[in-house]
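With chain A fixed as given, assemble chain B onto it according to the hints.
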Amino acid sequence: MTKVLVIDDETQIRRFLRAGFELHGYTVLEAENAMAGLRAATIDRPDLIILDLNLPDLDGASVLERIRSWSNLPIIVLSIEADEQEKVRLLKLGADDYVVKPFGISELLARGEAALRRQLRSADRDPVVRAGPLSVDLVSRVVTLDGNRVQLTRKEYTLLHALATHAGLVMTHQQLIREIWGGRAGNIQYLRILVRKLRQKVEIDPTRPLLILSESGVGYRLDLGSAGSLRGQNEITSDTVCS
Amino acid sequence: MNASRARLGFRTERFRKGKYVSTFQKRSRLGRLTAYNPKNDAGSAPAPQKSRWVNFVAANAAPVVASLALVWLATIGLLVLSNVIALNLIALVYMLPVVLAATQWGIVPGLVAAFAGAAAADFFFYPPRYSFWIESRQDVIDLLLYLLVAIVTSDLAARLKQAVDASRRREREITELHAFSQGLATCLTSRDLIFAIQDYLSTTLKYRAVLLASAPQDHGADADGTAVPEQIRQAAVKLMAANAPHAATIIEPRTNRAWLVRIIAPEILGYGAIAIELGHGSSERIGLIAKHVEAVLAEATVTLKHLKVKEAIEQAAINYRTEILRDALVGGVSHELRTPLASILGSCSVLNHRPAIRHDDESRSLVEAIHDQAAQLDNQIRDVLAAARISAKGVHPQLMWTDPTDIVDAAVKQKSRRLAGHQVVLELQRDIPLVHVDSALVEQAFGQLLENAAKYSPTGTEIKISSRCQHDYVELSVADQGSGLTADDKERLGKRCYRSDRNAAVSGSGLGLWIASTFVAANGGSLHAESQGPGFGATISLRLPTASEDTPELMDAIND
Chain A
918 MTKVLVIDDE
928 TQIRRFLRAG
938 FELHGYTVLE
948 AENAMAGLRA
958 ATIDRPDLII
968 LDLNLPDLDG
978 ASVLERIRSW
988 SNLPIIVLSI
998 EADEQEKVRL
1008 LKLGADDYVV
1018 KPFGISELLA
1028 RGEAALRRQL
1038 RSADRDPVVR
1048 AGPLSVDLVS
1058 RVVTLDGNRV
1068 QLTRKEYTLL
1078 HALATHAGLV
1088 MTHQQLIREI
1098 WGGRAGNIQY
1108 LRILVRKLRQ
1118 KVEIDPTRPL
1128 LILSESGVGY
1138 RLDLGSAGSL
1148 RGQNEITSDT
1158 VCS
Chain B
6 MNASRARLGF
16 RTERFRKGKY
26 VSTFQKRSRL
36 GRLTAYNPKN
46 DAGSAPAPQK
56 SRWVNFVAAN
66 AAPVVASLAL
76 VWLATIGLLV
86 LSNVIALNLI
96 ALVYMLPVVL
106 AATQWGIVPG
116 LVAAFAGAAA
126 ADFFFYPPRY
136 SFWIESRQDV
146 IDLLLYLLVA
156 IVTSDLAARL
166 KQAVDASRRR
176 EREITELHAF
186 SQGLATCLTS
196 RDLIFAIQDY
206 LSTTLKYRAV
216 LLASAPQDHG
226 ADADGTAVPE
236 QIRQAAVKLM
246 AANAPHAATI
256 IEPRTNRAWL
266 VRIIAPEILG
276 YGAIAIELGH
286 GSSERIGLIA
296 KHVEAVLAEA
306 TVTLKHLKVK
316 EAIEQAAINY
326 RTEILRDALV
336 GGVSHELRTP
346 LASILGSCSV
356 LNHRPAIRHD
366 DESRSLVEAI
376 HDQAAQLDNQ
386 IRDVLAAARI
396 SAKGVHPQLM
406 WTDPTDIVDA
416 AVKQKSRRLA
426 GHQVVLELQR
436 DIPLVHVDSA
446 LVEQAFGQLL
456 ENAAKYSPTG
466 TEIKISSRCQ
476 HDYVELSVAD
486 QGSGLTADDK
496 ERLGKRCYRS
506 DRNAAVSGSG
516 LGLWIASTFV
526 AANGGSLHAE
536 SQGPGFGATI
546 SLRLPTASED
556 TPELMDAIND
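Protein chains in written order, with this note's numbering: chain A, 918 to 1160; chain B, 6 to 565.
The shape of chain A in the complex, shown without the other chains:
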């Protein structure tokens, strides 16, 4: 069973996270402060860590740095208030993704699963990433949409490749720009236009993107969950309240 470690000092938050994760077959470990969290991360060897940034004894970012100094464990960061620069900083420090409170359990599960899958993929070397009707073969570089081959330019493919290797997880603008343009001057304006061109090739309706989603002020993610289906309007999801 997959072990998830929840590091959060709010009892009520831990309680609903335990219920939510257990409902979906996880084993849940809890830590109510940074020190207990760091201990559990070392001793209990969880598969996934959910880390609240607002801990009483140590800054969440420091906890993140300490764990990253010895481990590549998937870490999802929780925070109640975070601006874009803070999010980018956390991603740079090695967080796999972030979720802003308040959030629905399905959003956190989706992020956690994406982070776990990425870990697994690097172990299994499964070359094909599937997101709804889209599939990207990372080895043969073949992209298909509903089984039909899609022709992409080299830059469009580099962009999609970068997103696919992190499927379900956010990639920052800077990470993407570095992947695509390398040392050469690239900027956010170029990236926006390139994303638009890619969307025109892979999205059913480029004005209502379902696959390549923008994270305001942070970056883009290739969405695995809602792709191919209509937006879950009557389901309680994080979309309703997160920002």
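Don't take each hint at face value.
[Said to hold, decoys possible] In silico lysine-lysine, DSS-like type, Cα no more than 30 angstroms apart, as pairs:
| no. | chain 1 | residue 1 | chain 2 | residue 2 |
| --- | --- | --- | --- | --- |
| 1 | B | 495 | B | 469 |
| 2 | B | 469 | A | 1114 |
| 3 | B | 460 | B | 495 |
| 4 | A | 1118 | B | 469 |
| 5 | B | 460 | A | 1009 |
| 6 | B | 243 | B | 296 |
Quick caveat, the hints were computed from the structure, so don't treat them as lab data.
Showing chain B alone in chain A's frame:
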């Protein structure tokens, strides 16, 4: 919303679990009125006066030479034209240098020009020419008359000059004083205030002034680098102890610099004495400077009394506490209210996944009701916080090239549950130009438009989102089929806390559109409302400025 937090100027870090760490202590000293410039020491100080006459000659030498030159010029001109100009006009021409010299340099050069003019006219023009002798009695009268008029004129012109100079000086003083009193109003701590006063005195006196605390252990105002020598400090303490009303000039032996120490209005400042660094010089010179400084100081003290410094100090303390309280409240509310709501919302989402609830319609609808109400509450708290932050700190957008499609998409997702009861029709153009905005703020603003449309139009009706591109802006519109707007609504829309009377039944704070219009305005855009009238629905549009993007480099960078 979260995104806009730091941008609005608040630091989340300060509110880690209620442990508030004030950063006000670090607040920089308030804007200096005018920086004290030590180089002024010798230059603008009243010059040491060895003898009045020497000074007088030194001050007037250049203008006198200049006015003589003017007379010389007039003479040359007249010599050239002497055949055409009538004799009785000559005196008139010589009035010109007089008026010029008197208005420019004052009475002395004016008089010099008058006499020189008379002499030149007599010598060069009145017959017999090239002699000071005058033949005609009429010419003598003319010349005397000229001299009289010239003297009167130069006196008048010089007075005019004095009046103009004085009014300029007064204007400068008033401007300085105004800046000073404004500085006082923004002071947050009495320490800020002391610095403001020190600056004011330093500017007015043109010497470095340091306020010294009445209690010797309190080093107060001069704590940071503007140290006063210990001896001067002790002298000040002695003066204060004796409550001596006079000023004392003390030479600091180590640097041989003179200081003037004087008790200054302790009843208003709470600070006992002022020390003014006068610099080097003979005892005579120092004495003169001290006299001048005392005169200015007496005037400045009166000004300080008028400005109600005591009240300002008290107000500063209140401002400081208010600011701390507001920060703590905003931070506290954010954490203490929103964390439980996050638990409620999260728990609802878990409950909804449980088979027992998922298959029981009644329970499910109850869970959804809890969720929606909690989400609503959370939204309202965020609105109030946003409004408080806007009022306190303004909006500081972080601009970034953004695809308007993403703004609309994000806002629609944020409000998806609010919009669930309506038919949302999305008609966006595929090639909307990019906009250079803070996407999080614009998303929130657009979200407010959607929220409003959902709130004020009947369930089941259509809400249409569309885009329109003009040459210099992009317009994103939300059209509903709701109650519409009256002309009055249209005008007052976006005003803080304005709610149409017709919508009293719908809950809301009236903050939503105000926040939206503030955020949009901060991004260089604007909100526009259209309605055919009550009952015909409303269209609210958000306009954002665009810039051209189709540069050749861009195409190079993308293609391939």
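> If you check each hint against the structure, which ones fail?
Replying inline: Hint check: 5 fails alone, others pass.
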